[in-house]
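Work out the full structure, taking the sequences as your base and the hints as a guide.
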Amino acid sequence: AQSVTQLDSHVSVSEGTPVLLRCNYSSSYSPSLFWYVQHPNKGLQLLLKYTSAATLVKGINGFEAEFKKSETSFHLTKPSAHMSDAAEYFCVVSDLAGAGSYQLTFGKGTKLSVIP
Amino acid sequence: DARVTQTPRHKVTEMGQEVTMRCQPILGHNTVFWYRQTMMQGLELLAYFRNRAPLDDSGMPKDRFSAEMPDATLATLKIQPSEPRDSAVYFCASGLVQLAGANFYNEQFFGPGTRLTVL
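Going down the list, the protein sequences come from chains A and B. The first sequence maps to residues 13 to 128 in my numbering. The second sequence maps to residues 5 to 123 in my numbering.
The hints are simulated quantities; they were obtained by calculation from the structure and are not laboratory data. Hints are not guaranteed to be accurate.
[Claimed, not checked] Between beta-carbon pairs, the in silico distance windows are: (1) A:K54 with B:G32: 20 to 28 Å; (2) A:S64 with B:P65: 30 to 38 Å; (3) B:T80 with A:H51: 22 to 30 Å; (4) A:N73 with B:D75: 29 to 37 Å; (5) B:P12 with A:S40: 37 to 45 Å; (6) A:S96 with B:D5: 14 to 22 Å; (7) B:P65 with A:E78: 35 to 43 Å; (8) A:L32 with B:D5: 29 to 37 Å; (9) A:S125 with B:E48: 22 to 30 Å; (10) B:R119 with A:P128: 24 to 32 Å; (11) A:L58 with B:T24: 24 to 32 Å; (12) A:S82 with B:M19: 49 to 57 Å.
[Unchecked claim] Computed cross-link-like contacts, DSSO-like style, restricted to lysine-lysine with a CA-CA straight-line distance of at most 27 Å: (13) B:K15 with A:K120; (14) A:K120 with B:K66; (15) A:K123 with A:K61; (16) A:K120 with A:K61; (17) A:K123 with A:K81; (18) B:K15 with A:K54; (19) A:K54 with B:K82; (20) A:K54 with A:K120; (21) A:K80 with A:K61; (22) A:K61 with A:K81; (23) B:K82 with B:K66; (24) B:K82 with B:K15; (25) A:K70 with A:K81; (26) A:K70 with A:K54; (27) A:K120 with B:K82.
Everything numeric in this text was worked out from a predicted model, so none of it was measured. C-beta: ideal position from N, C-alpha, C; glycine also.
In C-alpha cells, the structure reads:
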C-alpha cells in the first residue's frame, strides 16, 4: 500500500524568500512521485514528476524537488517566492501496487501563502 | 494544446434531481479518472477507467452514482437522485499509462472541474 504525508497544512513565506513544502511517502515498490498545484477555483496542474531518472527534478515556475529514497522524502523547493505562487500544493505517489492499479494517492495538501 | 474539458463548469440543482457531468479526455489517453473535492474530505477518487473499461469504482456511492465511457472521447458521471451532501467540485483527469523498461508512467492531466451545488 502507498501513502503520502504532507507535513504542513499551511506554509506562509514572504515574497522573495525560499519556499520549502515537505512530503514523505511510503510505497511497496519503486514509486513515481508528483507535485501538483491548484490555484483558487482552478483544476490541478502538474508542477513536476519523478520517475526513477535523476533524483533532482526541475519543474515549472522555478520549482524543484529532490527524491531521497533513504529518507522517503520528496520535498518541493523554490529559491524565491512570488505572489503568484500562492496556491495549494499536493504531493502525489503512484506505484505498481497490484495488477493493473494505476491510482494516484494524494496528500492532503499544503496551502502556501505569500506575504508581500 | 491538448486539454481535458469538462461540462458544465457550474451546476446548481435541487435535491432529488438527476445531474450529469461530462468529460472529454485528451485524445490518445488510455485512462480516465473521476475525483471529488470538498473542504472536509479533500480530493477523493470516485472511479477510473482504462481503455474505457471500469477498473475501480469502490470510491463511489453505488446507489446513486454511476460512471460510464460510452466512447473514447466521452466520460460521464451521473448522480440520481442528487443530495445536498453531493455538493462539491468534481474533477475528471486523463492519462496515458505506460511501462517503459523499469519505469512506470501514469501522469494525470486534470480538467477544470464542475462545481456542483445541490440545494
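Would the pair K120 (chain A) and K66 (chain B) pass a check requiring their Cα atoms to be no farther apart than 27 Å?
Between K120 (chain A) and K66 (chain B) the Cα gap is close to 25 Å, so the pair holds against 27 Å.
Given the hint that K15 (chain B) pairs with K120 (chain A), does the C-alpha gap stay at or below 27 Å?
holds, 26 Å
At the C-beta level, are P65 (chain B) and E78 (chain A) separated by a distance inside 35 to 43 Å?
This hint holds: roughly 40 Å between Cβ atoms.
Holds or violated: the 49 to 57 Å window for the beta-carbon distance between S82 (chain A) and M19 (chain B)?
holds, 52 Å
Straight-line Cα separation of K82 (chain B) and K66 (chain B) no greater than 27 Å?
Given pair K82 (chain B), K66 (chain B) holds - Cα atoms ~11 Å apart, limit 27 Å.
Below or equal to 27 Å on CA atoms is what counts here, so check K70 (chain A) against K54 (chain A).
holds, 23 Å
Would you check the hint for K80 (chain A) and K61 (chain A), treating anything up to 27 Å between C-alpha atoms as holding?
Holds - the C-alpha atoms of K61 (chain A) and K80 (chain A) are around 14 Å apart, at most 27 Å.
Can you confirm whether the C-alpha distance between K15 (chain B) and K54 (chain A) stays at or below 27 Å?
Holds: K15 (chain B) and K54 (chain A) sit about 16 Å apart, inside 27 Å.
Range first: 20 to 28 Å. Now tell me if the beta carbons of K54 (chain A) and G32 (chain B) are that far apart.
holds, 24 Å
Pairwise beta carbon distance, P12 (chain B) to S40 (chain A), judged against the given window 37 to 45 Å:
holds, 40 Å
For the range 24 to 32 Å, tell me whether the beta carbons of L58 (chain A) and T24 (chain B) fit it or not.
holds, 28 Å
How does the Cβ-Cβ distance of S64 (chain A) and P65 (chain B) compare with 30 to 38 Å: does it lie in that range?
holds, 37 Å
In the structure shown, no violation is registered for any of the earlier numbered hints.
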